[in-house]
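**Student:** The opening position of the sequence shown corresponds to residue 592 in the working numbering, with each subsequent residue numbered one higher.
These are computed hints drawn from the structure, not numbers from a lab. There may be inaccurate statements among the hints.
[Unchecked claim] Below, in silico cross-link-like pairs of lysine-lysine (DSS-like), each with a Cα-Cα straight-line distance of 30 Å or less: (1) Lys811 x Lys923; (2) Lys1106 x Lys1144; (3) Lys723 x Lys706; (4) Lys1059 x Lys1071; (5) Lys912 x Lys923; (6) Lys758 x Lys785; (7) Lys1085 x Lys1071; (8) Lys1159 x Lys1085; (9) Lys811 x Lys785; (10) Lys930 x Lys912; (11) Lys974 x Lys686; (12) Lys1059 x Lys1095; (13) Lys785 x Lys643; (14) Lys974 x Lys771; (15) Lys1095 x Lys1156; (16) Lys912 x Lys1059; (17) Lys686 x Lys635.
[Stated by the list, open to error] Computed Cβ-Cβ distance ranges for the label pairs, DEER-style: (18) Ile1198 x Gln1178: 52 to 58 Å; (19) Lys686 x Thr1039: 22 to 28 Å; (20) Asp704 x Thr1060: 28 to 34 Å; (21) Ile721 x Asn867: 55 to 61 Å; (22) Asn623 x Asp790: 23 to 29 Å.
Positions of the beta carbon are idealized from the N, C-alpha and C atoms, including for glycine.
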Amino acid sequence: MVYQIGGWSLMKNNTLQKNNTFTNNQLLQYDNQLVRVLDSTTDKVFIIDCIKRTMPVWTDTESLKDYLPCSEDILQEITDTFLIDLDTLDAESRKTAYERYTMIAPLLPFVSDQKKRKELINSIASMKSISKQTIRYYLCLYLVYQNIAILISKQRAKESVLSQDAKNMRWALNKFFYTKHKNSLSVAYTLLLKEKYCDSLGNLMPEYPSFYQFRYFYRKTRKMQTYYISRDGLKDYQKNNRPLLGDGIQEYASSVGMGMLDATICDIYLVNEAGNLVGRPILTACIDAYSSLCCGYSLSWEGGVYSLRGLMLNIVSDKQKWCSQYGINIEKSQWDADKLPAIFVTDMGSEYKSENFEQITELGVTVVNLPSYRPELKGAVEKFFDLVQNTYKPHLKGKGVIEPDYQERGSHDYRKDACLTMADFEKVILRCIIYYNSQRIIENFPYTEGMIQNQIQPFASSIWEWGKTQTGANLITVDKEQIVLTLLPRTTGKFSRFGLRVNKMRYKHENFTEKYLSGGEVTVAYNPDDVSAVWLIDNGSYIRFNLIESRYKGKELSDVEIMQKGQKELVKAATADNIQAQIDLAQSIEIIVATANNPDKVNIKSIRNTRQREQTKNHIDYIRGIEA
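I would like the entire structure built from these sequences, with the hints used as guidance.
**Tutor:** Here's what the structure looks like:
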């Protein structure tokens, strides 16, 4: 039998075999060395030294072959540091912790990009008027412990002298009990005796702790947070066992203007117009944390940056006009959202860490990545997905909706039931969103006296309308063109006499003659779906340059690259023949020269007369050639 332990396999002979995979945030130990995995690729691992707390580095996977997974308790024990529950701290300490986290939060998505990380540290140091060393210290401290509480003044564990038996029992609990295998105490006890109290032949030693001592030690030292996280995982702990001690929505979103972004794969299969199965669509949404209003959505076949662009465009769209495209008429008050929230709360997904999305900050938006152990910040958007899917699924049974048994052996193939197109399903989603926004009762919203006096209805749309008029409302007015241009990918363009060169193509604008002559590099935005134009970015303005090479007009960048590659391959294939042709030409010329009648002395007198005679001769030969 083989058991999985992090990136290792426990074989039946109790030896560990490396799987060449690492889990993010995994702790690894070898002797007195302790590292945390922050990111990984096929052959590289991004780690931080938990003992030295120096800036994280990339290292070869092979260099960690002798390391074994360990628990958070081991980290705290080795570093002589214990983490205090943030909710037990006084208000001043919590404030300090969050202030320091807010300072380093912009660094977290780019921590593995050394150049970008350095630029951000310099920028934050200048903005906050603190040393770069301090910022690096806070960053490393957080990366090691992955807990905001560590950002307060460090506290040492109380000195305590443990007996060897106690140390052995603590070791056994960490190794055999506080794991995802969920061993019972009795199994952990048996393994303790096997590993620590047996001789080389496997015989039990005369003296060893009893099971009752082991159980007593467990009850005396157990931490329920460690118990739940180690055995059920952090995700399950956050969902089912985390203490619910917050003050509700207003704890972190006291007004409208904080949009939570997330995406989910819908539990339904769709077909195209021809009736061919396409698959499951992706629903991306922005939910206002204060009112729980759905500010915008995107329904697409692909996630990532493209779905985010669609989402941003929908957020700033007139929702009445948008719904009318699908034959749905609504009152403006039912969904009056056409401005960007000034704060976007995201998780650490790759699309949110991309430079394309980070460019949204140019519009005045602040992007905040969720810290660890704060899942409640995404509660509203996750609840939105649950409510929407639970709303349409009962009405679409037998129409491609996936039931809970779809992964079980022998279950029904729900793909065969698919009958709705993307256009059909989008109408369904729109109806669900309208109900969610304007008709779903929010029973537990923390009403203020002013809301009660003004008879604000318990609907997201009503709370949203009220919130927009209150102090602190944080919304940004932008148009669609700004959204599109801001989220386009960027690259470097070069000026020359031949125009502005971008992605191996040339572009022009009538007002840049001097730049064509003087040259230089500039930053441009381009559309990978249509290379007909690019936009030079100049002090926040976007100046359109049109494509010179008409053969590429209207094509996607990938198609252009294929054409350019094809041409290059044709040229390369002809190179050998061309070289041979040059050699043949040289040989032919040499033969001609060798056989030519070389006079001993060239007469350079009367050149004009000689030239006229030769011209006349050529004319006569030309006429004779026609007559022949």
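**Student:** State for each hint whether it applies.
**Tutor:** Hints, verified against the model:
For the hint pairing Lys811 with Lys923, the CA-to-CA distance comes to about 61 Å; that exceeds 30 Å, so the pair is violated. A C-alpha spacing of about 24 Å is found between Lys1106 and Lys1144, which places the hinted pair at or below 30 Å, so the restraint holds. Simply put, Lys723 and Lys706 have alpha-carbon atoms about 15 Å apart, close enough for the 30 Å limit, and the pair holds. The straight-line distance between the Cα atoms of Lys1059 and Lys1071 is roughly 21 Å, inside the 30 Å bound, and the hint therefore holds.
Proximity of Lys912 to Lys923 is assessed by CA-CA distance (about 10 Å); at most 30 Å being required, the pair is judged to hold. In summary, the hint linking Lys758 to Lys785 is supported, as the alpha carbons are separated by about 15 Å, within the 30 Å threshold. The suggested pairing of Lys1085 with Lys1071 holds, with an alpha-carbon distance near 28 Å, which does not exceed 30 Å. About 22 Å separates the Cα atoms of Lys1159 and Lys1085, which keeps this hinted pair within 30 Å; it holds.
In summary, the hint linking Lys811 to Lys785 is supported, as the alpha carbons are separated by about 23 Å, within the 30 Å threshold. About 15 Å separates the Cα atoms of Lys930 and Lys912, which keeps this hinted pair within 30 Å; it holds. Annotation: proposed proximity of Lys974 to Lys686 holds, straight-line Cα distance about 28 Å (limit 30 Å). At most 30 Å may separate the alpha-carbon atoms for a hinted pair to count; Lys1059 and Lys1095 exceed this at roughly 48 Å.
Between the alpha carbons of Lys785 and Lys643 the distance comes to roughly 34 Å, so the proposed pair goes past 30 Å and is violated. With a CA separation close to 27 Å, the supplied pair Lys974 and Lys771 stays within the 30 Å bound. Between the alpha carbons of Lys1095 and Lys1156 the distance comes to roughly 11 Å, so the proposed pair stays at or under 30 Å and holds. Straight-line distance between C-alpha atoms of Lys912 and Lys1059 comes to about 21 Å, which keeps the hinted pair within the 30 Å bound.
Distance hint between Lys686 and Lys635 is unfulfilled; the C-alpha atoms sit about 37 Å from each other, more than 30 Å. For the hinted restraint 52 to 58 Å between Ile1198 and Gln1178, the CB-CB distance of approximately 32 Å leaves it violated. Taking the beta carbon of each, Lys686 and Thr1039 are about 24 Å apart, inside 22 to 28 Å as hinted. About 42 Å separates the C-beta atoms of Asp704 and Thr1060, a value inconsistent with the hinted range of 28 to 34 Å.
Taking the beta carbon of each, Ile721 and Asn867 are about 59 Å apart, inside 55 to 61 Å as hinted. The hint said 23 to 29 Å for the Cβ distance between Asn623 and Asp790, and at roughly 27 Å that hint holds.
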